[in-house]
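Make the full structure from the sequences, and use the hints.
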Amino acid sequence: MKIGTYLLWAAMAVGTGIIVLLGYFVQIDQIPADSLIGNIFELRLLIMGWAVLLAAVALGIGLFNLFLVHWMKVSAQRPGWKYSAVLIVAFVLTLLLGLIIGPDSRVVLFLFNSIQLPVEASLMALLAITLSLAGFRLVAQRRDLISLVFVGTALLVLIGSGPGILSAEGLFFSFFAGLRNWLVQVAAAGGARGILLGVALGSIVTGLRVLLAVDRPYGE
Amino acid sequence: MAENRCPMCSTMNQETAEVCSNCGARLKPLVFETPPSDQQEPAAEGISPPATEASGDGDDWLANIRSDAIMGSGVDDHAAETDAADDAAPDWLGRLREADSSLEEGPPSEEIPDWMDDFLAAGEEVTDEEVPEWLSRVRERREAQTEGQPESDEGEDWITRLRDDTPDERRAGVEGLKPSADEDESIEQPAPRALDPSPPPDVPDPVPQDEILPEEATPSHEVGASAPALDRLDEDPQPAVGEPMPPEGEMEWFPVPDESELLDAKGLPHVPALLDEETGEKPLSDISDLNMDSIELPDWLGESKSETPSVAGEEDEKPDLAPATLPSWLEAMRPVDTFRSEIAIESDEVQPVESAGPLTGLRGVLMAEPVVAMPRTASTAAARLEVTERQYAQAELLQRLVEEEEREIPPVRAEKRRLPLMRWAIALILLLAVILPFGFKQLGVEGYALPSVVSRDLAPLIDLIGNIPTDRPALVVFDYTPGYSGELDTVAGALLEHAVMRSLPIVTVSTRPTGPPLAEGLLNKIGASYGAVNGENYLHLGYLSGGPTAVQLFAIAPRSVVLSGYHLPESLSEGSVWESPLLQGVHRLSDFNLVIVITAGTDTARTWVEQTQSWIGDTPLVMVLSAGAEPLVRPYFEASEPQVDGILTGLPAAVSYRQYSGLPLDTGAQWDAFGIGMLAIELILIAGGAYGIGLWLIRLRER
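Chains as they are written, first to last, in numbering that gives the first Met the number 0: chain G, 0 to 219; chain U, 0 to 702.
Do not take every clue at face value.
Just so you have them, the derived chain U footprint on chain G, three or more residues with Cβ under 8 Å [said to hold, decoys possible]:
no. : region
1   : 62–69
2   : 89–100
3   : 111–117
4   : 128–136
Pairs of lysine to any residue, SDA-like flavour, derived with a Cα cap of 20 Å [as the list claims (entries may be wrong)]:
no. : chain 1 : residue 1 : chain 2 : residue 2
5   : U       : K524      : G       : L178
6   : U       : K524      : G       : P117
7   : U       : K440      : U       : L430
8   : U       : K524      : G       : L125
Derived DEER-like restraints, expressed as beta-carbon distance ranges [unchecked claim]:
no. : chain 1 : residue 1 : chain 2 : residue 2 : range
9   : G       : Y217      : U       : K524      : 20 to 30 Å
10  : G       : N112      : U       : V401      : 50 to 60 Å
11  : G       : A127      : U       : E445      : 20 to 30 Å
12  : G       : G169      : U       : S575      : 37 to 47 Å
13  : G       : L178      : U       : A689      : 40 to 50 Å
14  : G       : V25       : U       : D456      : 30 to 40 Å
15  : U       : R417      : G       : L211      : 58 to 68 Å
16  : U       : A689      : G       : S113      : 36 to 46 Å
Keep in mind that the hints were calculated from the coordinates and are not lab data.
Built from N, CA and C at the ideal position, the CB exists for glycine as well.
Spelled out as structure tokens, the structure:
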């Protein structure tokens, strides 16, 4: 790669990143629209609008790729092609309905409330059954310390969250309710904060590396 | 003055010098000059010795004899054989026949010579009466001259016998071939090319002496053994090896001149005979020109020669030559250890017998197997590889990885299909736990009581929603999938119902494609109770594409991001959603009175918190979360400068919200189902623990 081309891409990436980053530290109300910073801010909005368009295009490409993959699967009669055929039929039907009568028409809402909503809710209900079975097998077959701690914590939170404890009064019930709150708001929140701090530090480092052109995901 | 350059040592010698003054090599080859044409004529007229034609057309005389004999006898049935024999007959024999025919005693051209009769004698007996007169005379003469000499009956076996002859026999043969003194003028000597001791320039390096003569390695023997051509030349100088030659008995009439006399007469250089004419035992070393000492030999050959016993008087015959000397640097480079000057060859009995291959059963075969196939140890010790501990550990790790990859994975046994009874049992328990509470009222069973303990986070939230001004709409973000609608619709329903009850305008948006229909369904349900109408009390902006970037852009300039709404009233279907009276005065996110994010995912909650922080201003941000997302969002709520102003999580909080906000408590069956289901799961876990402990105790007892 030529050095000039590399510098061009790096300059564009770094400049765009800095312009977008400055928007977090600038008070919009205090910037005159006809000033240099105001123009830069307008440029920032333009760049972000391009990013939104690119995301929409990426979504379209993803849908096209999904359709093409399943179309090839049906054409080659590979195993499971019948499910792909159902997906293609549903895909085409939904797309045609959305393009012709609109996504907010009564027919589309009826299809959504009658098919998609019950199906996804049922999947979530199956998740509850699966988790219950996994917990049973865990305590029945794996009797190590970590498993006992894991299942014991889940059991205490369930007990403390249930109506039987919350609706009752007394020291015993208050103990479980307080224990549940401590586990959720102290122990779990402490771990969550650690995760958030790690994510924040990683995001900062990654952003700085891109801004300093150390990492060039846009290519060499 | 012209000079001759020695072909051996390149020393310049005088033109007349015959041998090199430096190395003694012969400068002039011992080649007889081509005799003049007048000397060849007598040969054509009289006796033409075979030797004169040996080089070229020496086979013609035999062919002529045969042809003449056949023509004279008139035997037609032998014509084919004669024709065939003509091709193979040597020319010198034919010319000899011509010479014989010219002699007085010679047979006429029509007759077959007597030695040819030997071939025919096997078939028929020839009586004395049938023998012609000339043949009788020839036979008588032959008997008189060759009495006591062995006769040769087989014309084609004379070469074989000649090779097997003893030196006496060879000497006799040479004597028999000697021309007489009166005939030496007409005899041409064969070209003694093999007698020239000076090697030509292209002479290859001499073969090691040990390999040629393992036992008798004297120089004289060496010459005699290594120069078979000289021997054969002495024996039969006429034809080349391989050419047919008449039997010796038949050549008695051929006069063989004395070689020395012949050469002296011609003034040519004298070359003594390789064998003494009288005894035949004269060593070849006596021939000065053939003395191998005059030839430069490599050192290794000289060493072997010096080690072998020499013939007495040989040292006196050596020319005065200085041994070859090597420069010191070349001497130093000369391989000493790798070259064996003397090779001890074992006797045949000791040598192993070849056991394989085409040479099976032979002794003395060079054994290639010990050199090629048998394992050998290195002649030099290999340097020890220096390996550090770290390298050794890495090598072991690599080896373990390779072994792990090469390990054969046992085939997975196809387990028997078993009915998932445990799964079905748990599913049945949970299903009954959720369904049964809906019949508690019909069954007269009292359900769970409402929560008596209220979270400390709930009161501020109720106060916030209850005190929000209604002049500007509240933005509600529906960022959850339909799978979470069972939980979040109940939790968010309490909050939204409170807002609708207070006539707070609601504008919805979603970053998920399934968000707008969920929002329409929930608000339509709530609005039906409070007379809220789409377009007047609530409005859907629709799907916000672009992820976090779109959220930030929406926070900065919502009008530039969302151009068309979702499920808009007919009054707004033709225009833009921003023309709605509900959105008047809304140009950025901070223009909303309240932002409520309903989500089940922590990433979505963080996106809305982080991307809108700079532009949300003083607008409160409230999170309605699934129970699983609460821990990751709570840090934003419990910070010293909270970025989230309110949080509502789970069904108990929603029931409490309804209970303490004055909303109708229509969640009785749901609350009971939630409580029974939680209890069922707790019992399942406890049962699993009990089963595991019991199993452990049983196994412990068995041990």
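Index of numbered hints that the structure contradicts, given in increasing order | Numbers 1, 2, 5, 8, 9, 12, 13 - these are the hints that the structure violates, sorted from lowest upward.
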